[in-house]
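S.K.: The hints should help you fit chains Y, E and C onto chain F, whose structure is shown.
Protein chains: 4
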Amino acid sequence: MKHEDAFKRLKNIEGHIGGIIRMMDNDVYCIDIIRQIQAVQAALNRVSSIILEQHLDTCLTTAVRGEDVDERERVLKEIAEVFETATRT
Amino acid sequence: MKHEDAFKRLKNIEGHIGGIIRMMDNDVYCIDIIRQIQAVQAALNRVSSIILEQHLDTCLTTAVRGEDVDERERVLKEIAEVFETATRT
Amino acid sequence: MKHEDAFKRLKNIEGHIGGIIRMMDNDVYCIDIIRQIQAVQAALNRVSSIILEQHLDTCLTTAVRGEDVDERERVLKEIAEVFETATRT
Amino acid sequence: MKHEDAFKRLKNIEGHIGGIIRMMDNDVYCIDIIRQIQAVQAALNRVSSIILEQHLDTCLTTAVRGEDVDERERVLKEIAEVFETATRT
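Residue numbers (our numbering), protein chains in the order written: chain F, 1 to 89; chain Y, 1 to 89; chain E, 1 to 89; chain C, 1 to 89.
Here chain F stands alone, though its shape is the one from the complex:
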């Protein structure tokens, strides 16, 4: 499987969210819940970066080296879009 590292990290994040839900069920202190959410966010940032890195080395490289100009433009535009969203979230 590709992305094995990212896959495992996402499984951990799913468990982490489950833990935060139980914390809320047990009326844990709000700030501790916010801190856990922020930890999940940092973990998700890492997953995005890992997936992007693999994408650049595979799909993007293939598309940019290929002769299909539309495909090349599409793939570059996608990178610009996810970068712009990353700066905003």
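Some hints here could point you the wrong way.
[What the hints assert, rightly or not] Calculated cross-link-like contacts (lysine to any residue; reagent style SDA-like; alpha-carbon spacing at most 20 Å):
| hint | chain 1 | residue 1 | chain 2 | residue 2 |
| --- | --- | --- | --- | --- |
| 1 | C | Lys8 | E | Gln38 |
| 2 | C | Lys8 | E | Arg22 |
| 3 | F | Lys8 | Y | Gly15 |
| 4 | F | Lys11 | Y | Met23 |
| 5 | C | Lys77 | Y | Ile31 |
| 6 | E | Lys11 | E | Cys59 |
| 7 | F | Lys8 | F | Ala63 |
| 8 | Y | Lys8 | Y | Ile50 |
| 9 | C | Lys8 | E | Arg65 |
| 10 | F | Lys11 | F | Ala42 |
| 11 | F | Lys8 | C | Glu84 |
[Stated by the list, open to error] Derived CB-CB ranges, DEER-like:
| hint | chain 1 | residue 1 | chain 2 | residue 2 | range |
| --- | --- | --- | --- | --- | --- |
| 12 | Y | Asn12 | C | Asp25 | 44 to 54 Å |
| 13 | F | Arg22 | E | Val28 | 49 to 59 Å |
| 14 | C | Lys11 | Y | Lys8 | 42 to 52 Å |
| 15 | C | Lys77 | Y | Ala42 | 19 to 29 Å |
| 16 | Y | Val69 | F | Cys59 | 55 to 65 Å |
| 17 | C | Asp57 | E | Gly18 | 21 to 31 Å |
| 18 | C | Glu4 | Y | Glu4 | 43 to 53 Å |
| 19 | Y | Ile21 | C | Arg74 | 45 to 55 Å |
[As the list claims (entries may be wrong)] Examples of chain Y residues lying across from chain F (beta carbon under 8 Å, computed):
| hint | residue |
| --- | --- |
| 20 | Arg35 |
| 21 | Val40 |
| 22 | Cys59 |
In case anyone wonders, no lab produced these hints; they're calculated from the structure.
Each residue gets a CB set at the ideal place from its N, CA and C atoms; glycine is no exception.
M.R.: Chains Y, E and C in isolation, oriented as in the chain F frame:
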């Protein structure tokens, strides 16, 4: 239960993460996975904001209006800390 | 003057932006410009945090301990708003 | 000049920072200063995105289509790095 809205949103986010894991299992295109992760991040931002808002109206207000100076300082310091982390994630 | 530390940092940031403008004028490599912009963003995050911390200890504490309920609500709402914006930028 | 749009935006941002410095000098309300800093941050995000987009269409495309494997790897690694930093600031 307090935080009912935030609680429901977190349950949805847990399901959303499960969906992303299945996408990865099915070798969905990397950029579509990154976009879903970014959608989860936006949803988590919203949950943090909801919880913080309730915290300000309850715990923080009680602490700041109270006479325990240490408690007051602790609660204000926590807000500064989660704000600083929010600017970085 | 209040906020002296934040003030000095902002003056430095202004100079930093001036430096980036000169880099662009000299056709410096795009990625190096993006890195400098990201350094400015980190510096601005720090300034916001410093100002917020002082605000919590002064204006917010006064308002929350005061008897004007509207004022109290307004001040708490502002914190929630800048926190939400911080999660998005 | 390349990047003319980004260049003009950075000049405006420099002026915006100057305005925030004057606000601090005049003891403007803390929250209004934080809001202006957040507006600058959003504007800087936009500049980064514009520069990245041009970089992808020019330098990155040239490097990835070229035969220098080290250069290609370096350019892809840079994109991964600025993306990861973008998720954290």
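S.K.: It remains to establish, for every hint, whether it holds in the given structure.
M.R.: Here's how the hints hold up against the structure:
1. C:Lys8 x E:Gln38: Status holds; Cα separation ~18 Å.
2. C:Lys8 x E:Arg22: 12 Å, holds
3. F:Lys8 x Y:Gly15: 16 Å, holds
4. F:Lys11 x Y:Met23: 12 Å, holds
5. C:Lys77 x Y:Ile31: 17 Å, holds
6. E:Lys11 x E:Cys59: Violated, at roughly 24 Å.
7. F:Lys8 x F:Ala63: Roughly 28 Å separates the two Cα atoms, so the pair is violated.
8. Y:Lys8 x Y:Ile50: Given pair lysine 8 of chain Y, isoleucine 50 of chain Y holds - Cα atoms ~12 Å apart, limit 20 Å.
9. C:Lys8 x E:Arg65: At roughly 46 Å apart (the allowed maximum being 20 Å), arginine 65 of chain E and lysine 8 of chain C break the hint.
10. F:Lys11 x F:Ala42: Roughly 15 Å separates the two Cα atoms, so the pair holds.
11. F:Lys8 x C:Glu84: 19 Å, holds
12. Y:Asn12 x C:Asp25: 44 to 54 Å: 47 Å, holds
13. F:Arg22 x E:Val28: 49 to 59 Å: 51 Å, holds
14. C:Lys11 x Y:Lys8: 42 to 52 Å: Given about 46 Å between the Cβ atoms, the range holds.
15. C:Lys77 x Y:Ala42: 19 to 29 Å: 27 Å, holds
16. Y:Val69 x F:Cys59: 55 to 65 Å: 58 Å, holds
17. C:Asp57 x E:Gly18: 21 to 31 Å: Once the Cβ atoms are compared, 27 Å apart, the range 21 to 31 Å for glycine 18 of chain E and aspartate 57 of chain C holds.
18. C:Glu4 x Y:Glu4: 43 to 53 Å: At roughly 51 Å between Cβ atoms, glutamate 4 of chain Y and glutamate 4 of chain C fall inside 43 to 53 Å, so the hint holds.
19. Y:Ile21 x C:Arg74: 45 to 55 Å: Given a distance of about 33 Å, which is not inside 45 to 55 Å, the answer is violated.
20. Arg35: Since chain F brings a Cβ to about 7 Å from arginine 35 of chain Y, closer than 8 Å, the hint holds.
21. Val40: Constraint on valine 40 of chain Y satisfied, holds at 6 Å.
22. Cys59: Holds - the Cβ of cysteine 59 of chain Y comes within 8 Å of chain F, reaching about 6 Å at its closest.
In the structure shown, a violation is registered for the earlier hints numbered 6, 7, 9 and 19, in ascending order.
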